[in-house]
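**Q** First to last, the sequence lines map onto chains A and B.
Its first residue numbered 63, the first sequence is counted upward by one per residue in my numbering.
Its first residue numbered 63, the second sequence is counted upward by one per residue in my numbering.
To be clear, the hints were calculated from the coordinates, so they are not data collected in a lab.
Only a predicted model underlies this, so the values are computations on that prediction, with no experimental measurement involved.
One or more of the hints may lead you astray.
The list treats identical chains as one, so a pair stands whether inside a single copy or across any two.
What the hints assert, rightly or not - BS3-like, lysine-lysine: derived pairs with alpha carbons at most 27 Å apart: (1) 256 <-> 311; (2) 311 <-> 255; (3) 65 <-> 447; (4) 85 <-> 294; (5) 256 <-> 159; (6) 88 <-> 296; (7) 311 <-> 65; (8) 403 <-> 415; (9) 255 <-> 447.
Protein chains: 2
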Amino acid sequence: MIKPVGSDELQPRFVYDVAEHDKLSKEAESLPSVVISSQAAGNAVMMGGGYFNPLKGFMNVADAMGAAEKMTLTDGSFFPVPVMCLLDNADAIGDAKRIALRDPNVDGNPVIAIMDVEAIEQVSDDQMKIMTEKVYRTTDPEHVGVAAFNSQGQTAVSGPIQVLNFSYFQTEFPDTFRTAVEIRNEISEHGWKKVVAFQTRNPMHLAHEELCHMAMERLGCDGLVIHMLLGKLKKGDIPAPVRDAAIRKMVEVYFPPNSAMVTGYGFDMLYAGPREAVLHAYFRQNMGATHFIIGRDHAGVGDYYGAFDAQTIFEDEVPKGALEIEMFMADHTAWSKKLNKVVMMREVDDHEKDDFVLLSGTKVREMLGNGEAPPKEFSRPEVAKILIDYYQSL
Amino acid sequence: MIKPVGSDELQPRFVYDVAEHDKLSKEAESLPSVVISSQAAGNAVMMGGGYFNPLKGFMNVADAMGAAEKMTLTDGSFFPVPVMCLLDNADAIGDAKRIALRDPNVDGNPVIAIMDVEAIEQVSDDQMKIMTEKVYRTTDPEHVGVAAFNSQGQTAVSGPIQVLNFSYFQTEFPDTFRTAVEIRNEISEHGWKKVVAFQTRNPMHLAHEELCHMAMERLGCDGLVIHMLLGKLKKGDIPAPVRDAAIRKMVEVYFPPNSAMVTGYGFDMLYAGPREAVLHAYFRQNMGATHFIIGRDHAGVGDYYGAFDAQTIFEDEVPKGALEIEMFMADHTAWSKKLNKVVMMREVDDHEKDDFVLLSGTKVREMLGNGEAPPKEFSRPEVAKILIDYYQSL
Numbered sequence: 063m064i065k066p067v068g069s070d071e072l073q074p075r076f077v078y079d080v081a082e083h084d085k086l087s088k089e090a091e092s093l094p095s096v097v098i099s100s101q102a103a104g105n106a107v108m109m110g111g112g113y114f115n116p117l118k119g120f121m122n123v124a125d126a127m128g129a130a131e132k133m134t135l136t137d138g139s140f141f142p143v144p145v146m147c148l149l150d151n152a153d154a155i156g157d158a159k160r161i162a163l164r165d166p167n168v169d170g171n172p173v174i175a176i177m178d179v180e181a182i183e184q185v186s187d188d189q190m191k192i193m194t195e196k197v198y199r200t201t202d203p204e205h206v207g208v209a210a211f212n213s214q215g216q217t218a219v220s221g222p223i224q225v226l227n228f229s230y231f232q233t234e235f236p237d238t239f240r241t242a243v244e245i246r247n248e249i250s251e252h253g254w255k256k257v258v259a260f261q262t263r264n265p266m267h268l269a270h271e272e273l274c275h276m277a278m279e280r281l282g283c284d285g286l287v288i289h290m291l292l293g294k295l296k297k298g299d300i301p302a303p304v305r306d307a308a309i310r311k312m313v314e315v316y317f318p319p320n321s322a323m324v325t326g327y328g329f330d331m332l333y334a335g336p337r338e339a340v341l342h343a344y345f346r347q348n349m350g351a352t353h354f355i356i357g358r359d360h361a362g363v364g365d366y367y368g369a370f371d372a373q374t375i376f377e378d379e380v381p382k383g384a385l386e387i388e389m390f391m392a393d394h395t396a397w398s399k400k401l402n403k404v405v406m407m408r409e410v411d412d413h414e415k416d417d418f419v420l421l422s423g424t425k426v427r428e429m430l431g432n433g434e435a436p437p438k439e440f441s442r443p444e445v446a447k448i449l450i451d452y453y454q455s456l
Numbered sequence: 063m064i065k066p067v068g069s070d071e072l073q074p075r076f077v078y079d080v081a082e083h084d085k086l087s088k089e090a091e092s093l094p095s096v097v098i099s100s101q102a103a104g105n106a107v108m109m110g111g112g113y114f115n116p117l118k119g120f121m122n123v124a125d126a127m128g129a130a131e132k133m134t135l136t137d138g139s140f141f142p143v144p145v146m147c148l149l150d151n152a153d154a155i156g157d158a159k160r161i162a163l164r165d166p167n168v169d170g171n172p173v174i175a176i177m178d179v180e181a182i183e184q185v186s187d188d189q190m191k192i193m194t195e196k197v198y199r200t201t202d203p204e205h206v207g208v209a210a211f212n213s214q215g216q217t218a219v220s221g222p223i224q225v226l227n228f229s230y231f232q233t234e235f236p237d238t239f240r241t242a243v244e245i246r247n248e249i250s251e252h253g254w255k256k257v258v259a260f261q262t263r264n265p266m267h268l269a270h271e272e273l274c275h276m277a278m279e280r281l282g283c284d285g286l287v288i289h290m291l292l293g294k295l296k297k298g299d300i301p302a303p304v305r306d307a308a309i310r311k312m313v314e315v316y317f318p319p320n321s322a323m324v325t326g327y328g329f330d331m332l333y334a335g336p337r338e339a340v341l342h343a344y345f346r347q348n349m350g351a352t353h354f355i356i357g358r359d360h361a362g363v364g365d366y367y368g369a370f371d372a373q374t375i376f377e378d379e380v381p382k383g384a385l386e387i388e389m390f391m392a393d394h395t396a397w398s399k400k401l402n403k404v405v406m407m408r409e410v411d412d413h414e415k416d417d418f419v420l421l422s423g424t425k426v427r428e429m430l431g432n433g434e435a436p437p438k439e440f441s442r443p444e445v446a447k448i449l450i451d452y453y454q455s456l
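Pulled out of the complex, with its shape left as it was, chain A reads as follows (with noise of 0.2 Å):
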C-alpha cells in the first residue's frame, strides 16, 4: 500500500490506547483551557485520524509562514497550509505547559486534545497578510476563507497535541465518518492495488458518477474511495442522511462490487482553491489512495481561482517528490447529446454549450422539489427518487 506522507507507518495523534485515554481525560479536566477556533478544532480532528500525517500538532509562527510562503517546513519538510492554533490572546495559558484545547463546536465546549506547549507568538500583521495571500492568492476579506483564517486573532500556540475526540464529525455522522487509519484498514480489507479518492459534499448526479468510472477506467484503478466533506448543514445544503442515501444507491447500482466506498471526513473548508487541491491530495494519500482527482475550479470560491489553478500548481509549486500520491487532472464532465455519453467537456473541441445537457443547481432544486426527476442524462432515476421524497418532504 502507498506510504503516508513522510513516514512509514501512519503516526495518527488520536489516543488510541484507552487506558491512557481515561487518564488524559481526567488530566484535562484540571489543566489549564483554551476555546480554540473552529478551524483549529477541524485541523485537531485531521490531526488525530492520521489525515495530516506526520505533523504532531499546530504549527509554530517559522513553520506556518515556511508552509505558506513554499509549502515546506523549517526541517525541510513539506505541508501545504499553515496549521497554527490561532487565539485572540493568551492569557488564559499563562506559562502553562500543557494545556487543553476545547471544541467551539460542540456543547459545553469539551477538551478535544492536550497540547505541550512548545511556543506562545504574536503574528504580525505582516505575517497575516503574507500568509493569507501566499495561502489564498488574495486577501479579500470578502472571500469566505480569508475572513474565517484573519478572524481567529494573531496569538499562535503551538507544540504537539494528543486527541482525544473527533468533535462532533464522528458523533453526529456515525456511519459515515472515518478515519485516515480506517480507510487504509478497508482498502486493504478490499485488496486494491490503486484506488482513486472522489472529493464531494453533494449528492453525485451522473457527470460525477461517470467522472469516477472515468479516472478509474483511465487509471486502471481497481477501487475509488468517496470521500465526502462532513460539517454543519448550511441553508439550502442537502442534509447528510439524505446525501449518503443517494450516494449509496448510485454505488449499489452502478458500480462493480469490491470496487468503491463511500466516507467521510471532518474539516473545515478553506477554499482556498490551488492550495486547498494540494492539501486534499496530502490528506489522501494518508488514507491510502493511489491517486485524486481534481477538478476544474477545485476548492475554489467565487472567480478568485482560474479554472485549472488548482491543477498547475501541482506541476509548478509543489517540490518534486514531496507526494507519491497522482493526481487524475479532470475538466467538467455533461452528457453530449452529440455522442450520446458523458464527456469529459474538455476533450470534446467541436462542442458548443448547447451540445451539452447542463442544469443549474437552483434548476434542479426546482425539478426535484416539483417531484419531477432530472432528464436521465443528468440523474440516474434511483438517485433522483431518493432527493425527490427528501424535497417532497420540506
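The hints should help you fit chain B onto chain A, whose structure is shown.
**A** Same frame as chain A, but now just chain B:
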C-alpha cells in the same frame, strides 16, 4: 442482502438527522433525567445502531417476561432476552412522559437517549426470579451475569427511545466500532452474498483463524465479518489497539483480498450462554450476516452451561422461522499432530488429548511475556510478534 429481523429495512434508533439531533440534544437538557444501568446503556447503543431491530425501545414487564419465558413479545414478535431499563426507583421521573436517559459509563453522565415513557412498573421478586432463571438457566448470585442483572433495581421504565450517541464505544474505539447500518453498507460495498460472522473479544490464534476458514469453505461464504465485543478493559485483557492490530495482521496475511473485515460492537456481555447465543445470532442477521459461528460453550461462563447448549437451543427453543440467519455449529479447533493440520475436535474421534497442540491461556501469556513465540501450530508468527511486543512493553 438478508433482511433484518422483523422489518424490510433496518430502523436504527439513532437520530441521524443532524438538525433533529441538535434539537433533541437541547431538549434533553431540560427533561427529567435518570442515570441508567450499564446494561441498559449497552442496550441503548445496540438499539441505536440497528442491532436490535425492530425493537423501538425498552420493554415493559409483560414483554420482558414474554422474552424471558418464550422469546416472544406480547405482539407475537420474537426477541431472545428481556431488554429492560431497570432503576432503583422512578422518583426523578414523576409523571413525566418524556425523559432523558444518562450514561453511567461516561464522565459527567451525558444523555445517551431520550425516552417516551409508556409505563413505569414494579417488577416483583418472583418476576425477577423467573426472568433470571429463564435467561441465565440459574439464579446463582455468583454467576456474573445473574449478579449484574439483579443489581439494577426493580423499577422498569419502558417506551421507545431516540438514541443520541454510542456511549464510549464509538469515541474510544473509533476505528473499530461499527453500527449494524455501517456493516450492511460495507457488506454491500464488498459485494458479498454469503457472509459469516465470527464473535471474539480476544486476539485470534491459528485455531480461531482456521475455524473461520473452515466455516467459509463449508458454507460457501464469500465474506467474513470478524465482530469484536468492545468494552472496558478488565485485568489481564489485551488492550484494544493491540488486539485489533493482531487480528488485522492475521486478515492481511492469511485471508484473500476482499474476503474479511474487522469490526466491533459495544455491549455489556450477559454471559447467558445459550440465550446470549440466540441474541448474538439475532443481531448478526441485523448487520447483514447470513451465517454465524457458534462455538463450544458460546457466551458461557464457569460451568453453568453444557458444551453445546448454545447450539441445541436453536433447534429446541427458537421459534421456527424466527431467524433467517443460519448457524455454523462448531466445536473447539486445534492442531492435530496426527493429521498435521487444524481440525474440529469433535470430528476426529480417534484422537486423544495428547494428539492436539493445546496451550492454556496462562501458558501462552507466559511465553509471550518471555519474548517466546508459541509453536507455529498454535500461533501465526506475525500475530505472535505483535503480542510479544505488547507483553514485553509491560
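**Q** So, for every hint listed, does it hold in this structure?
**A** To see whether the hints hold, each was checked on the structure:
no., hint, result
1, 256 <-> 311, "both (23 Å within a copy, 20 Å between copies)"
2, 311 <-> 255, "both (24 Å within a copy, 17 Å between copies)"
3, 65 <-> 447, "between (40 Å within a copy, 22 Å between copies)"
4, 85 <-> 294, "between (31 Å within a copy, 14 Å between copies)"
5, 256 <-> 159, "neither (44 Å within a copy, 55 Å between copies)"
6, 88 <-> 296, "between (35 Å within a copy, 19 Å between copies)"
7, 311 <-> 65, "between (31 Å within a copy, 17 Å between copies)"
8, 403 <-> 415, "within (15 Å within a copy, 67 Å between copies)"
9, 255 <-> 447, "between (34 Å within a copy, 26 Å between copies)"
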